[in-house]
Amino acid sequence: EARAADKSVVIYSANESVLDELVFTAFTKESGIAVQPVEGGSGVLVKRMSSEKERPQGDIIWGISRSLLQSNAALFAPYHSKNVDAIPVEYRDPGDLWIGNNLHLLVLLQNTKLVPEGQGPKSWDDLLDPKWKGKIAFTDPANSGSAYTNVTLLAQLWGNDDAAWEKVTKLFANMKVLNKSSLVFSGVGNGEYPLGISLEYAGYIWASNGAPIKTVYPSDGTVVAMEGVGIIKGGPNPESAKVFVDFINRKDTREMIFAKTFRRPARQDLDFTKLPGNMPALSTIKLATYDEESWTAKRPATMAKIQEIVEKTR
Amino acid sequence: MRRPGFSPSFSGAVTVLALGFLALFLLYPLFGIFEASVLDPSGAHFTANNYLRVLARPFYQRALGNSLAIGAAATVVTTMVGVPLAFCLARLAIPGKPLLLALATLPLVLPSFVSAYALVLLFGRAGIVTQALRAIGVPFDSLYGAPGLVAVYTLTLFPYVVLPTLAAFKAVDVSVEEAGQNLGASRWRVWRTVILPIVMPAVLAGALLVFMDTLENFGVPFVLAEDMPVLAVEAWKQFVGETGGNPATAGVLGVLLIICTTLALLVQRHYLARRRFATGARTAPPLLAIGPRWRVAAIAFSWGVVALALVPFCAVVVISFMRFRGPVITTELGLGNFIQLFARAPGPLANTLILAGAAAFGGVLLGVPIGYVLTRTRTRLAALLDIVAMMPFAVAGTVLGIGLVIAFNAGFLVLTGGWLILVIAYVVRKLPFNVRASSAILHQIDPSLEEASINLGVSPSLTFVKLTVPLMLGGIVGGAVLTFVTVASELSATVILYSGKWSTMTIVMFQALEGTGAGVASAAATVLIVVTILPLALINRLLRRQGASLL
Amino acid sequence: MTAIRIAGVSRAFGAVAAVDDIALDVANGEFFTLLGPSGCGKTTLLRMIAGFCDLDRGAIHFGDRRIDMLPPHRRNAGMVFQNYAIFPNLTVADNVAYGLRARRVAAKDITARVARALALVHLDAHGERWPYQLSGGQLQRVAIARCLVIEPAVLLLDEPLSNLDAQLRVEMRGEIRQLQQSLKITALYVTHDQEEALAISDRIAVMRAGKLEQVGAPEEIYRHPASPFVAEFMGTTNLLHGAVTGGAGAWLRVAVGGQDFHLAAPGARMGDTLSFSLRPEILRPVAPGAAAPEGWALVAARLEHVEFLGALTRMEMSLGEGTRLRVAALDLPSGWVRQSGAVALAYDPARITAFRAR
Amino acid sequence: MTAIRIAGVSRAFGAVAAVDDIALDVANGEFFTLLGPSGCGKTTLLRMIAGFCDLDRGAIHFGDRRIDMLPPHRRNAGMVFQNYAIFPNLTVADNVAYGLRARRVAAKDITARVARALALVHLDAHGERWPYQLSGGQLQRVAIARCLVIEPAVLLLDEPLSNLDAQLRVEMRGEIRQLQQSLKITALYVTHDQEEALAISDRIAVMRAGKLEQVGAPEEIYRHPASPFVAEFMGTTNLLHGAVTGGAGAWLRVAVGGQDFHLAAPGARMGDTLSFSLRPEILRPVAPGAAAPEGWALVAARLEHVEFLGALTRMEMSLGEGTRLRVAALDLPSGWVRQSGAVALAYDPARITAFRAR
Ligand SMILES: Nc1ncnc2c1ncn2[C@@H]1O[C@H](COP(=O)(O)OP(=O)(O)OP(=O)(O)O)[C@@H](O)[C@H]1O
Ligand SMILES: Nc1ncnc2c1ncn2[C@@H]1O[C@H](COP(=O)(O)OP(=O)(O)OP(=O)(O)O)[C@@H](O)[C@H]1O
Ligand SMILES: [Mg+2]
Ligand SMILES: [Mg+2]
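So the protein lines, in turn, are chains A, B, C and D.
When we follow my numbering, the leftmost residue of the first sequence carries the number 15, and every step to the right adds one.
When we follow my numbering, the leftmost residue of the second sequence carries the number 6, and every step to the right adds one.
When we follow my numbering, the leftmost residue of the third sequence carries the number 745, and every step to the right adds one.
When we follow my numbering, the leftmost residue of the fourth sequence carries the number 745, and every step to the right adds one.
Since the hints were derived computationally from the structure, they do not count as laboratory data.
Think of the CB as a built atom: it goes at the ideal place given N, C-alpha and C, for glycine as much as any other residue.
Worth double-checking, as some hints may not be accurate.
[Said to hold, decoys possible] Only some residues are given here: those of chain A computed to face chain B with a beta carbon under 7 Å:
#1 G57
#2 Q71
#3 K190
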């Protein structure tokens, strides 16, 4: 009976369904293990997982941010995956509780139909220009980990003092703060908003499918927002879960994922020049210094501060 | 005081059972969640500080103000559209009535996030309609903001008003109408002074549902409010925002929502308490004969409202037949979306129908007796039940879902992982439909009928089953239809409670739309529409055939 | 001019001809009563006049104006509904004020007129009550007040007093009659109380299964019923059947229950079978040995049963061969009637109405 | 054993004492009638017995069993509701079968009994009709059939015949009475028809404003009313007031309208003011010059008005000083009464009921 049960795996996935579909199909085909996906926003899924901690219902949680992985590490079972060594140490848990999969760079998206190629902002600083007032779509940090990262990145970039937060406030006054991240990239893609602050992969997907979107890496530097996978401690199908974690980090799997959905992998051994999209290698992009751990630690207070700014500028 | 036609044993049993059920599946799960709002950060002491703190914040004051203003406006407009529409459907010869009625409930089948998506495509800043309007010189900006929200609520929620009111219009005895005319009042005057007041319980029931839904709904303002603060959205973010909200604030906002809706309910109770509405109808009133010009106007109005409500719908259907490149819509036609959809959707489709059917059935089973007790008794306990039974509507589905998981994932009763917990969540959440719709119609049924039955030796509980339920049929079906349809489009509780096997169409749509699968989402919506419209049209037909002999 | 002219009016519900080719003229200011067994079409006829029931055929005029095409609220025909049709959403006073408000009567006049109407039906103190707080009879009185207060041109009253006690009924019918007279309203009145019908009507129509059976003044209908049906329906009667056994000219002898009755039946001949009506009150028990009044005839009967009805006492007598006779006496009959089984009954042959077998 | 014992029962609706401390014993198999003006609490009392109205105080027993705490459906007290309460969603036959089905009577017995009950109320052909297709009187008959068919232990009839024509009413009340007798059902009957009450009741209670005014056999109530209210309420009467001007022993002379009436009023003394009731039917016009019957007295009056009521004719006479007298005559009064203004009226002093001024 245990083996029959092991023939499936319950995956809590915060990824969008196209990616899920792609990976799950390939996984089942290869391993014979059926996937029972539970799909939802990462906040919802984490809430669900922690609500169920007395009697976990899921085996895997996949597609949630580093900070969520870290803050819920206690719910995970350690597993030293076969492919884990290909992944730089900064993208995985030292105790093997979780492993990073995708790296999202925070970028600017520009709808070139609404803002011609050359006239868009080049840097975070450019966004402060009053001419963009009401034209920049952003996600409410209360509902998006990457938005939180983004705001704190800017605070740090601009000096992490009162003047820096003053600038952040000015930026917020220029932005439309939307309730979820998909509204930003589909909004820019469909022409609702000329500019958006979003994730790298979205720009590539829309552009590669013919939308007038340009992905702009800010010249003053950006940061990597990582998301990853963890095995839920005490889940019903622990063996299948391990098989899935091995699968998801394999090089060929990552290539397949990249080709279809432009997720920049955490492992650094893919050759983007041989893959569609012409995505620049991570090493060619200017990264700003970002003290992720301390910002995660200061999160409640910082969130409150951000919230105040959002409220003040609405 | 005991009310006629009513044995305390039956009323007591229903009240206690219902309160027990709700205590177990509503209050107990919610307790843990709202507890945080009255505790200080250490969690050890009671405090009102959280409330003071939240209420002192201008942002939340504005959120509350916006929510109430939009809710009130939407309620008024929806009622003003819904009541005349119900009247047209009940009393005028409108061609294609069963179809129209089925179509009228369809806006509810479309999950609000899907219709919001479609509406943005049509009426957003870069929307097709927006641009067309601008091209011909109409200064239309976009659908975002309060007016847009009111419009969208009106066009999706009017069935809440239409269904109970329609049943109510059919339960008015024609003789009071005749008496009014006989005393020299014009038809319009009779309508205003007699008919409308008599169907008021139903109108108020519908209006209450609309008001509560607008307060609780976050799917639509999530998109269309843009960055205008709205209470439900803020509450949602505090509860399940990815960056982890503040449980105390979340609790306060949730309780605020409950307080607003409870106040609305109390106003309604107060209005109904002193009045009676039974006219002793023996048959549905006949269709009115009206002049051709009025008839054309009525037909245009009825079909016009429904057609307008179906605009996002048609958009979705059209979109589903467009070819998508990834998330990007093209102008070519194709069946690609459906092919992609059916690669995975048969399961969710069946699940949706099964779960919605089960929830509608369970909702009737639980809600109709509650509605009966609320209308026919005036005990304190019944008043409490009234408020508790209305609460699920004020609680976001996500919140209820989380509460249920915490409560029933382990311990004395383990329910998570199966279909039952979904059905329980749906039954609880949609309970107000069944309770309101049945209590509204009951106001118009003369209690002496029940007395006659009891007097003939049929126990009150059997009387309820054998006599009252058939008499209430119009209202009951209305409630069941609303439950079925809204469960089919339920997302927020489902997302917390479903397990892989029990994924629904709404989940499919949500996941697809969240990412880059708008095409698949539209296709899923189209399929859902098609499979829901059939049973709806069938029910309407059936009811109409019974119309001669039933209230 | 609000005479009512009903011409060839019919209405069928499926196979049931509820109103079947009725023609009737009611004069201006007349108090006209419809009588007939339950289900004969009285309500249907009133509803046609009020405008709530379509005509299959025929026309209705108020004066010179054809009204059957007019919308009901423009006919100015106030109706008291058989089921009252009180508005449950309005208080008693608002129910009564309803028609006045529809007529845009000034607010202060409304208050005064409503108060007067409520006083008329003895509900002065009940204006603020809700209908569900009233008894059956009180509800019926609200319906009456609501209709009378608008002083319509035509009054249609469908058993308006059925749930009132005798005293109140007499009083109310007096009030209605008086109002009707003083305002010269044409009234169509449906009642099941024959005494009431006889007491207040100018004319009466007896209906049967959708048709008019007889129309006439009260006394005429009572004393000269046109058919056995009318005779039986209008007050109690003895409807006897027998064969003509002899007699001369108009005066015949008819054998019933082994005895001979004398009566006038022009045109009947020996051997014909006749029906005839003999009212209980024209039969007088004659003291043993006393003679019948002059011109009266006698029959012998046995007392079977006495029923006390207040002012009236009814006796059931048997004639022989199973034929029963009802006899009415004012007050209690004398002791000798109650004791002795055998009684002689006197009657005036001129008061018997004979019918041809149909 | 289904005698009904009502002990100290009260019920108030707000300030209205609808039933006020009523105590009443109805014997097993008795046909008991409640009479009283509209709104006096008759329906409320029946509803208390049926179990649809809570008692504020008091207790009700059926036989030895206290039933006021029993749920209504277990009381086996069949009620005909004043507003019929016909189930609109069932056909006529199904309405009648309703109680039988609840009692799990076999299907074929149901058909037979329903058919019989419908025949009883003359609705044989109407079984398949829907309630909305019936006239008011037909609906009322369905209510009667529905109640009688279950043959309950106690019958509660709330004006069950108010919407039926006289003929049918007499027939129906006979049927009800007969069924009640043959099944030994205890019946509580509310009616507004005093004649009906007198005709079929074993005993009658007259109610007034929630209280019992008098309980007794029909003749007793009619002939010996306990109060002016009962005298006036039970049938028409002349309620006169005057001062005692003389007399001997129990027999007194009382002056009214300038004339003396002779009557018995034990305990009354010279100068007392008395009320007394003089029924219209005990006043007999005496032919000019003829003597009054032995032991009877005479008063002089003037004829003012004649009203034809069928079997009865009512005359209004004046005594002088504005006092009016109602006189009833069986059949039409003789010609001389109608012509002459002045009439001598004879009456039997023993038939006058005197009341102390209260
Ligand atoms: N729910 C109520 N609230 C207030 N008063 C009420 C209520 N029900 C009845 N009453 C009052 O109680 C009194 C008794 O009512 P009930 O119905 O018993 O009268 P009834 O004798 O049957 O009269 P009727 O002959 O007119 O039917 C009436 O004055 C009535 O107005
Ligand atoms: N909607 C209907 N469908 C079928 N038959 C009907 C309908 N309405 C009335 N009838 C029948 O028509 C006939 C006349 O009905 P109506 O109500 O006029 O009688 P009525 O003389 O007022 O009787 P009652 O004295 O009992 O009130 C009845 O036999 C009734 O059953
Ligand atoms: Mg009628
Ligand atoms: Mg009553």
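Hint validation: G57/A versus chain B, beta carbon distance must be below 7 Å. Holds or violated?
At about 4 Å, which falls below the 7 Å cut-off, the nearest Cβ of chain B leaves the hint on G57/A intact, so it holds.
Interface hint status, Q71/A versus chain B (Cβ within 7 Å):
holds, 5 Å
Interface hint outcome for K190/A [beta carbon to chain B under 7 Å]
holds, 5 Å
Violated hints are absent here; each numbered hint is respected by the structure.
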